[in-house]
Structures are given as structure tokens and as C-alpha cells.
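Peer 1: If you read the protein sequences in the order shown, they are chains W and C. Yeah, the first sequence ends on 117 if you go by our numbering, and it's all consecutive. Yeah, the second sequence ends on 728 if you go by our numbering, and it's all consecutive.
Don't take every hint at face value.
As the list claims (entries may be wrong) - Label pairs and their calculated CB-CB ranges:
no., chain 1, residue 1, chain 2, residue 2, range
1, C, Val66, W, Glu83, 52 to 58 Å
2, W, Glu77, C, Leu176, 41 to 47 Å
3, C, Trp258, W, Pro91, 48 to 54 Å
4, W, Arg27, C, Val40, 57 to 63 Å
5, W, Pro91, C, Phe165, 53 to 59 Å
6, C, Gly59, W, Asn21, 38 to 44 Å
7, C, Phe165, W, Lys49, 51 to 57 Å
8, W, Lys84, C, Gly281, 37 to 43 Å
9, C, Ser287, W, Ala92, 45 to 51 Å
10, W, Lys61, C, Thr290, 49 to 55 Å
11, W, Lys61, C, Phe11, 54 to 60 Å
12, W, Lys84, C, Phe11, 39 to 45 Å
13, C, Lys319, W, Glu83, 36 to 42 Å
14, C, Val40, W, Ala92, 37 to 43 Å
Unchecked claim - What the simulated footprint calls covered on chain W by chain C, stretch by stretch (three residues with Cβ under 8 Å from a Cβ of chain C suffice, anywhere in the stretch; the number is not a length):
no., stretch
15, 3 to 13
16, 41 to 51
Since the hints were derived computationally from the structure, they do not count as laboratory data. Backbone N, C-alpha and C fix where the C-beta goes; we use that ideal spot for every residue, glycine too.
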Amino acid sequence: MAVPKVFESEYRFCQILWENEPISSRELSELCKEQLGWSKTTTYTVIKRLSDRGVVKNEKTIVTSLVSKEDVQASEIDELVEKKFGGSVPAFIAAFAKTKKLSEKEIEEIRRIIGE
Amino acid sequence: MQELIYLFEKFLVFISAPFIDLVNISITASWVVLAVVVIRFCLKKAPKWLSCALWGVVALRLVFPFSLESELSLIPSTQTINPSVIYNDSFEVDMGFSAVDNTADSTVNSTVDNAVNGTVENTVGNTVNNTVDSLNEGTDVSTTEDVGIAGIIAFVWLIGMFVMAGYAFISFLRLKLKLRTAVKKEGNIYQSESVSSPFVLGLFRPRIYLPYKTDEADIPLVIEHEKAHIKRFDHIVKLFGYLLLSIHWFNPLMWFAYILLCRDIEAACDEKVIKNLGEDVRKSYSTALLNASISRRSVAACPLAFGEVGVKERIKGVMNYKKPAFWVIIAGVAVCIIAAVCLLTNPKENEKTDLTKENTQGNTTVMAESNNNYELMVTLTKDEMVSRIDNEEFFKKNGYHVYLYFIVSDTARITIGGKNLPIGEAINSGVMSINKLLQKAEEDVKFDRARMELLKDGGTKIYKYNAYTIIKRNTTDGNKDLIISAGAITLGNDGGLFNYSECIANIASAQEKLDSDIEVSDEINGVTADISPEAQPQLTGKVTSATDKVIYMELTSDQSGIKKGTPVTVRLSSILSYAPEIDTSKLKKGDVVTVIYDGRVMETYPLQIDAYAVYKKDNTVFDTENIARITFYAYYGHGKGSDVPAENMAEITNWLSTFTVDKNKKLEDIVPPGTNTHYVEIEYIDGTVLKQGLDTISVDSVTYYLNHADAPDCFSEIISKTSIE
Numbered sequence: 002m003a004v005p006k007v008f009e010s011e012y013r014f015c016q017i018l019w020e021n022e023p024i025s026s027r028e029l030s031e032l033c034k035e036q037l038g039w040s041k042t043t044t045y046t047v048i049k050r051l052s053d054r055g056v057v058k059n060e061k062t063i064v065t066s067l068v069s070k071e072d073v074q075a076s077e078i079d080e081l082v083e084k085k086f087g088g089s090v091p092a093f094i095a096a097f098a099k100t101k102k103l104s105e106k107e108i109e110e111i112r113r114i115i116g117e
Numbered sequence: 004m005q006e007l008i009y010l011f012e013k014f015l016v017f018i019s020a021p022f023i024d025l026v027n028i029s030i031t032a033s034w035v036v037l038a039v040v041v042i043r044f045c046l047k048k049a050p051k052w053l054s055c056a057l058w059g060v061v062a063l064r065l066v067f068p069f070s071l072e073s074e075l076s077l078i079p080s081t082q083t084i085n086p087s088v089i090y091n092d093s094f095e096v097d098m099g100f101s102a103v104d105n106t107a108d109s110t111v112n113s114t115v116d117n118a119v120n121g122t123v124e125n126t127v128g129n130t131v132n133n134t135v136d137s138l139n140e141g142t143d144v145s146t147t148e149d150v151g152i153a154g155i156i157a158f159v160w161l162i163g164m165f166v167m168a169g170y171a172f173i174s175f176l177r178l179k180l181k182l183r184t185a186v187k188k189e190g191n192i193y194q195s196e197s198v199s200s201p202f203v204l205g206l207f208r209p210r211i212y213l214p215y216k217t218d219e220a221d222i223p224l225v226i227e228h229e230k231a232h233i234k235r236f237d238h239i240v241k242l243f244g245y246l247l248l249s250i251h252w253f254n255p256l257m258w259f260a261y262i263l264l265c266r267d268i269e270a271a272c273d274e275k276v277i278k279n280l281g282e283d284v285r286k287s288y289s290t291a292l293l294n295a296s297i298s299r300r301s302v303a304a305c306p307l308a309f310g311e312v313g314v315k316e317r318i319k320g321v322m323n324y325k326k327p328a329f330w331v332i333i334a335g336v337a338v339c340i341i342a343a344v345c346l347l348t349n350p351k352e353n354e355k356t357d358l359t360k361e362n363t364q365g366n367t368t369v370m371a372e373s374n375n376n377y378e379l380m381v382t383l384t385k386d387e388m389v390s391r392i393d394n395e396e397f398f399k400k401n402g403y404h405v406y407l408y409f410i411v412s413d414t415a416r417i418t419i420g421g422k423n424l425p426i427g428e429a430i431n432s433g434v435m436s437i438n439k440l441l442q443k444a445e446e447d448v449k450f451d452r453a454r455m456e457l458l459k460d461g462g463t464k465i466y467k468y469n470a471y472t473i474i475k476r477n478t479t480d481g482n483k484d485l486i487i488s489a490g491a492i493t494l495g496n497d498g499g500l501f502n503y504s505e506c507i508a509n510i511a512s513a514q515e516k517l518d519s520d521i522e523v524s525d526e527i528n529g530v531t532a533d534i535s536p537e538a539q540p541q542l543t544g545k546v547t548s549a550t551d552k553v554i555y556m557e558l559t560s561d562q563s564g565i566k567k568g569t570p571v572t573v574r575l576s577s578i579l580s581y582a583p584e585i586d587t588s589k590l591k592k593g594d595v596v597t598v599i600y601d602g603r604v605m606e607t608y609p610l611q612i613d614a615y616a617v618y619k620k621d622n623t624v625f626d627t628e629n630i631a632r633i634t635f636y637a638y639y640g641h642g643k644g645s646d647v648p649a650e651n652m653a654e655i656t657n658w659l660s661t662f663t664v665d666k667n668k669k670l671e672d673i674v675p676p677g678t679n680t681h682y683v684e685i686e687y688i689d690g691t692v693l694k695q696g697l698d699t700i701s702v703d704s705v706t707y708y709l710n711h712a713d714a715p716d717c718f719s720e721i722i723s724k725t726s727i728e
């Protein structure tokens with residue numbers, strides 16, 4: 002299933018949603034005001050936009066997410082690999098290795114993820 | 004639809020003059036921009052905020068009209084384009100340098116001639132000329148001008164301005180929309196994915212917007228930079244600058260100035276940050292600059308983008324930054340102040356107009372007095388002229404005097420006898436004599452450099468140049484003077500014609516009325532002018548209605564072959580009514596007036612004449628009500644009289660009612676022979692008897708000639724019956 006694109010600001014919004022769902026749109030807008038500095042109208046607009054795109058669902062003012070955090074992260078990585086590394090995962094990993102020194106723990110974790 | 008077109012045309016005409024003013028302001032400011040560019044270059048070692056201040060001088064020049072003149076001014080000219088370009092079909096440029104002006108004028112003139120549609124040019128030119136001509140002919144003056152090329156260009160400018168302002172406004176709105184979902188980081192700092200490089204947005208509560216992807220190390224520096232912008236009010240300055248730019252979008256120098264301004268602002272901000280945080284941050288700051296640099300795509304008004312402007316220069320500036328020495332700052336401030344004085348004051352507009360082109364710039368006053376019985380009065384507006392006329396010393400001189408009036412700019416110069424001098428000096432030094440001036444005028448007419456018009460009094464000649472007018476008048480103060488007036492026709496800012504004819508009328512009425520015979524001898528050349536009174540035909544009628552421009556009357560008796568009761572339309576034009584004795588609009592139905600005209604019948608039915616003097620019944624000598632008997636005598640006090648028979652009473656009475664005192668014509672000490680050959684005795688019903696000569700009358704121990712209509716035919720019959728014995 003193709004995960005819809007989530008922009009950075011929307012991602013921050015989703016983070017709040019993931020932590021608090023299911024949540025009424027009103028409460029959600031209050032949280033967004035606190036944590037993101039968004040006005041109510043902005044929050045409602047974003048809810049509408051995301052629900053049109055299939056990222057969240059807004060039923061009778063209760064908002065729930067349709068995709069999970071991991072889904073979005075994975076989709077981002079796919080896009081990154083596709084765009085910047087010509088679809089080659091090894092190239093991607095190699096790039097990582099070049100810029101950062103990976104700790105043993107991190108290497109283990111990567112192996113695990115790739116294995117999945 | 005017609006209405007709309009008409010309104011649109013009126014609008015274009017309306018904005019034409021302010022637009023020319025705007026262009027002149029823009030050109031003036033351009034000189035300032037050039038100067039600032041040079042000065043700024045010299046101030047490279049000085050703090051950058053000084054350069055910003057210099058741009059403030061440019062802004063001041065654009066916004067405030069400066070009228071302070073000083074010799075220190077570096078501005079060549081504040082009125083490069085003469086506002087009269089709107090109305091003239093020729094284009095005059097004064098940049099303050101003669102050679103340039105001459106070339107500019109001829110080039111532009113031919114360009115304009117070629118570019119401008121024949122209709123427009125001719126219409127403008129003809130409307131002006133026709134209006135002036137019709138002034139002379141006494142028709143109503145129309146003051147509409149057609150839309151000239153200036154109006155069209157002004158409209159294009161207006162559109163450009165709205166495009167620029169609109170573009171900025173729409174960009175601003177779109178940006179705001181995109182930034183709605185920006186996430187607050189802290190205070191007034193936000194982050195958004197729509198931001199590619201950090202900037203400040205917002206006028207009253209400015210917010211700093213950062214991209215998400217900014218390096219952690221860079222963020223505090225970037226924030227410092229943007230905060231510095233806010234503290235320096237740069238966001239307001241740039242907006243204001245853009246506003247000025249949208250007004251002056253047609254001036255490429257302004258774009259250049261705006262771009263440089265943006266650069267200077269960024270550099271000044273960089274300096275401020277380094278100053279606050281210390282010189283150690285230079286390296287990390289430069290890195291931050293580099294990271295944030297993006298290719299500059301357009302000159303945006305609102306966002307103060309971190310990496311947009313001339314990154315290489317900025318990094319160089321940052322790396323080379325040294326706290327400037329105190330004396331450098333002082334010197335820089337001094338330079339700025341001097342620059343402000345030189346650039347914000349206007350040049351003294353002296354010696355810049357070259358009258359060999361017959362060019363006058365606006366109106367001012369010069370007064371000079373010369374010798375040889377010449378008096379020069381140069382005067383400006385109608386009001387000022389009237390107030391000078393009130394100064395009666397000028398006008399009550401005896402003997403032969405020549406008065407010369409000029410209405411030109413005090414910078415006006417004239418070329419006479421090969422010398423080019425200011426007019427006042429020309430007269431004072433004797434280089435210009437009135438006669439030479441008139442000779443020159445006649446020559447100019449011959450060679451089509453001026454037009455000549457002869458007014459209906461037969462004596463007044465008007466020599467019309469492009470920019471000034473010489474009026475040689477006959478005048479009237481009983482002192483047998485020849486007045487030569489020179490006046491300029493300039494087109495007022497309201498689009499109307501400067502009513503010089505009204506001015507002349509005022510001169511005349513302030514002096515006295517038209518002398519009916521003037522004999523003048525110019526002591527140098529023996530010019531004489533002669534007008535005899537009998538040459539002035541007149542008609543007397545009873546008013547049916549009157550305005551200040553026309554009188555409708557019916558003849559009170561048969562006159563000059565025209566039957567009694569014939570309706571006559573008497574047109575009065577201000578130029579012809581030199582000295583109306585009365586306000587003709589105040590004439591009431593039934594008033595009896597005598598009208599002096601040029602003898603020409605303009606229309607036969609209804610009879611129409613052009614008058615240039617009107618006398619009212621109040622001046623009439625004889626009361627014609629309740630007459631019992633009228634007797635004429637030959638020679639005052641001698642001989643046998645002849646009574647007027649009953650059948651002629653009406654005619655004779657009417658004729659007597661046309662007798663008026665000619666206050667213009669005083670009798671000399673010696674009574675010419677033949678005066679008062681006949682006199683009349685009127686006996687009224689109540690028994691009073693009036694004896695009066697038919698040629699002169701005494702009023703307050705001054706003797707004046709009498710005016711009257713032609714005697715009726717029966718008069719000679721009656722007179723023949725008188726005898727001396």
C-alpha cells in the first residue's frame with residue numbers, strides 16, 4: 002500500500018496525533034497551538050488536507066490516524082533511496098558508513114531492519 | 004460609453020502634470036543616486052550602516068519636495084522636463100547644461116514629432132492656438148486640452164506601478180499561506196518546509212522563519228542575524244524602499260539603488276552580528292552563510308533572506324571585518340552630512356536659461372529701472388501685477404515716458420546686438436532699447452520666429468513668441484504715453500491659459516481710459532502714433548439684457564444709418580474692453596449705454612458688433628424727461644435761437660440722451676476754434692433751464708469733451724434757422 006506523502010510540518014502534527022489519538026479535533030487543535038504554535042483554523046485545515054490524502058481520519062470530530070509512524074518513516078526512506086541513490090539500498094548504506102561512524106549497536110539494528 | 008471615454012481622457016489630462024513632476028523628482032533623485040554610489044565606494048572602510056544612511060538621503064529626495072536652495076547643491080537641475088511639455092507641441096529640456104539642452108531639445112523634438120500621431124500633436128497645438136486666437140476675437144474661451152503624449156505615458160506608468168505593488172502583495176499573501184503550517188520553535192522563531200533560506204516576515208510582529216534542514220551549528224548565528232535585521236528595522240526599510248521603487252519603476256537607476264541598498268543592509272547586519280558576538284565567530288558565521296546560500300532568483304520585497312544577497316562579498320566582508328577606528332566613524336558621518344547638504348538642496352537656478360532659444364521657465368519677478376525715460380517693470384502673476392499697478396507713482400509721470408512690462412523669468416535672457424544678457428541688465432546697460440526690441444520683433448515676424456497680431460483699436464500690436472509676448476500698446480493716462488508691454492503667455496498648472504489679456508485690461512483700467520488722440524514722440528527715434536477720436540464709431544442703445552461678455556440692446560435712435568429700435572448684440576471681450584467703465588453684467592434692462600466699437604459689423608441680422616468701450620447713461624449730460632422746450636443757438640450767448648419743432652422733439656431728445664462726458668478727453672488750456680459753435684437750451688416742465696454747449700462740458704472745473712451719436716437729419720434743418728445776430 003502506498004503511503005501518502007507527509008510533509009515535515011504535517012509530520013510534526015502527526016506525531017502529536019500518534020501520541021494522543023483518538024482525540025477530538027478541538028483538543029487536538031489546542032495541543033497544536035501549544036506545541037506547534039498553530040492557530041485553530043490552521044489545524045483544522047491541516048486535518049482536512051491530511052484526511053483528503055488518506056493520512057488521517059476525521060469521524061464525527063474524532064481524529065485518528067490511518068498510517069503509522071513507522072509507515073511514514075519507511076516511505077520517506079524509500080523516497081530518499083529512490084531519488085538520491087538511484088534505488089540502490091547498498092549505496093544508501095554505504096553513504097551512511099562514509100559520513101558517520103556507526104556504533105556496534107547501530108550496525109546490529111540496521112541488520113535487523115534490513116532483515117525484516 | 005462616451006461618458007467613460009470622456010472621463011478617462013479627463014483623468015489622463017489630470018495626471019499628466021503630476022506625472023511630469025514625478026519624473027522630475029525621479030531625475031533629481033537619480034543625480035543623488037549617482038553621487039551616493041560614488042560616496043559609498045569611498046566609504047568602503049567605514050561601517051556599512053553609513054552606506055545605508057546614504058540611501059536614506061535618496062529616499063528623502065524622493066519623498067519630500069525640497070525648496071531650499073544653496074550654492075553647495077550638486078544637483079544640476081530640478082526641473083529637467085518643463086511642465087509645459089504637456090501643452091506644447093515642442094519639448095524642452097533643461098538639464099542645466101546648455102550644450103546638452105540644445106541637442107536634447109532638437110533630438111527630442113524630432114522624435115516627438117515623428118512619434119506622436121499627427122492628430123494629437125496638431126490637436127494640442129491647434130487647441131492652444133485657437134484658444135488664444137479666440138481670446139482676441141472675443142469669443143468664449145474654451146479651456147479643454149486634448150490628451151497629450153504625457154498623459155498616455157503617465158497612464159503606462161500608473162499601470163506599471165500597480166503591477167509592481169500587486170505582484171509584491173500577491174507574493175506576500177501566497178507566502179503567508181504557505182507559512183501557516185510553520186512550526187513554532189521558540190519565541191518568534193518558526194520552521195517550515197516551505198522555507199529554503201532563513202528570513203524575516205511581518206511588519207509589526209516580525210517572525211523569523213528557518214528551514215527545517217538548517218545545521219544545528221548554524222541556527223544560533225542565523226537567528227542572531229535575523230534578529231539584528233529586526234532590531235535595525237530593516238524589514239520596514241526594505242518594504243518602504245520597494246514602495247518607492249514601484250513608484251519609480253521606470254527609472255533604472257532606482258533599481259540599481261534598491262539592489263545596492265539590499266546589499267548594504269545585509270552587510271550592515273553581518274557587521275552588527277560580528278560586533279555583538281565577537282570576531283571569533285567569523286569563521287562559523289561564514290560557514291552558515293555558505294550553507295544557506297541559494298541562487299538569487301528575484302528581488303523580493305518582503306523576506307530578508309539570509310543567503311540571497313551577494314554571498315561572496317558578504318563572506319569577504321565578514322572575514323575581513325575589523326572594528327572600525329573611531330576617527331573613521333567620525334569621518335564617515337561627516338561625509339554623510341556633507342552629502343546630505345549637497346544633495347538635498349536645490350541649485351540656485353541662475354544663469355541657466357538661455358533665451359536665445361526663447362525659453363522661459365516659469366514666472367518670477369525682476370524689477371529694474373533704466374535711464375533715458377525708460378522704466379522697466381517686470382512682473383509675475385496677474386495678482387502681483389495688479390498690486391504693482393496700484394503703485395501710482397509709476398503711472399503718473401509727465402512728459403514722454405515709455406513703460407516696459409515684462410512677464411518672464413528672472414533668469415530670462417535676451418540676445419540683442421549679438422550680446423546675450425539677462426533682460427534687466429540688457430536694459431540698464433543700454434544694450435537694449437525699446438526700439439531695438441521692437442525692431443527685433445518686426446524682424447522676427449518677418450522670419451516667422453514670432454507671430455504678430457494687430458488689435459482692433461488699430462494701435463496695439465502683439466508679438467507672440469513661443470515663450471513670451473511683447474505687447475505694444477496705446478495707452479491712456481492723458482499724459483500722452485506710449486506703453487510697450489511684454490508679457491509671457493504661460494500655461495498655468497490648471498491647464499488654463501494665463502490670462503494676459505485680463506492683465507492688460509487691468510493695467511489699462513488702473514491707469515486711465517483710452518486717449519482718443521495720442522501723439523507720442525520717442526525722444527530717440529521720433530516714433531509717433533496718432534489716433535483721432537472721430538474714427539471711433541459708436542452706438543447708443545437701451546439695454547434689454549447684459550452679461551459680462553455681451554450686451555443686448557436696442558438702438559435709442561437712428562444712428563449711422565441703422566434704424567431706431569434695431570436690436571444689437573454687443574460682444575465684449577476682455578482684450579477689447581480695455582477700460583470698461585462699468586461692470587456690464589450689472590447693467591439692467593432699460594439702461595442706456597453708448598458703445599464704442601471698431602466700426603465693423605460682425606453679423607447683419609441680428610446686428611452684432613464687437614465693442615471695446617461701453618459708457619453708461621449716468622454720464623449722460625442731458626436729462627431727457629419732462630422737457631418743455633429745446634432751443635439751439637449758434638455761438639454761446641449770441642444771436643437768434645431755433646426752437647425744435649414738435650415733430651422733431653422725439654428725435655432730438657433721443658439724440659441729446661446720447662451725450663456723455665468723455666472723461667478720457669480733457670480740454671487743453673487753449674480752446675480750439677469751432678468748439679461749442681452750437682449750444683442748446685433746454686427748458687423743463689418745472690421751469691428750470693439748462694444751457695450747455697454741444698462740444699464740451701465743465702465738470703468740477705475741469706473741461707471735458709462730449710461724446711454723442713450722430714445728429715439726426717432734422718438737426719441741420721433746425722440749426723440753419725439760427726443766426727449770429
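Peer 1: Give a verdict on every hint.
Peer 2: Now for the hints, and whether the structure bears them out:
1. Valine 66(C) and glutamate 83(W) have their C-beta atoms about 55 Å apart, which keeps the hinted 52 to 58 Å range intact.
2. Range check, glutamate 77(W) to leucine 176(C): Cβ separation about 31 Å, and the 41 to 47 Å hint is violated.
3. At roughly 52 Å, the beta-carbon separation of tryptophan 258(C) and proline 91(W) lies within the given 48 to 54 Å, and the hint holds.
4. The hint said 57 to 63 Å for the Cβ distance between arginine 27(W) and valine 40(C), and at roughly 58 Å that hint holds.
5. Checked against the hint of 53 to 59 Å, the C-beta distance between proline 91(W) and phenylalanine 165(C) comes to roughly 57 Å, which is consistent with it.
6. For the hinted restraint 38 to 44 Å between glycine 59(C) and asparagine 21(W), the CB-CB distance of approximately 52 Å leaves it violated.
7. Under the hint 51 to 57 Å, the C-beta atoms of phenylalanine 165(C) and lysine 49(W), about 35 Å apart, miss the expected range.
8. Our hint of 37 to 43 Å for lysine 84(W) and glycine 281(C) holds, since their Cβ atoms are close to 41 Å apart.
9. Separated by about 31 Å at the C-beta atoms, serine 287(C) and alanine 92(W) break the suggested range of 45 to 51 Å.
10. Checked against the hint of 49 to 55 Å, the C-beta distance between lysine 61(W) and threonine 290(C) comes to roughly 52 Å, which is consistent with it.
11. For the pair lysine 61(W) and phenylalanine 11(C), the supplied restraint of 54 to 60 Å holds, since their beta-carbon distance comes to about 58 Å.
12. The supplied range of 39 to 45 Å is broken by lysine 84(W) and phenylalanine 11(C), whose beta-carbon atoms lie about 55 Å from each other.
13. Taking 36 to 42 Å as the suggested C-beta distance range, the pair lysine 319(C) and glutamate 83(W) conforms, at roughly 40 Å.
14. Taking the beta carbon of each, valine 40(C) and alanine 92(W) are about 52 Å apart, not inside 37 to 43 Å as hinted.
15. Closer than 8 Å: that is the beta-carbon criterion, and the stretch 3 to 13 of chain W has 5 residues meeting it against chain C, so the requirement of 3 holds.
16. Closer than 8 Å: that is the beta-carbon criterion, and the stretch 41 to 51 of chain W has 3 residues meeting it against chain C, so the requirement of 3 holds.
In this structure, the hints that do not hold are numbers 2, 6, 7, 9, 12 and 14, in rising order.
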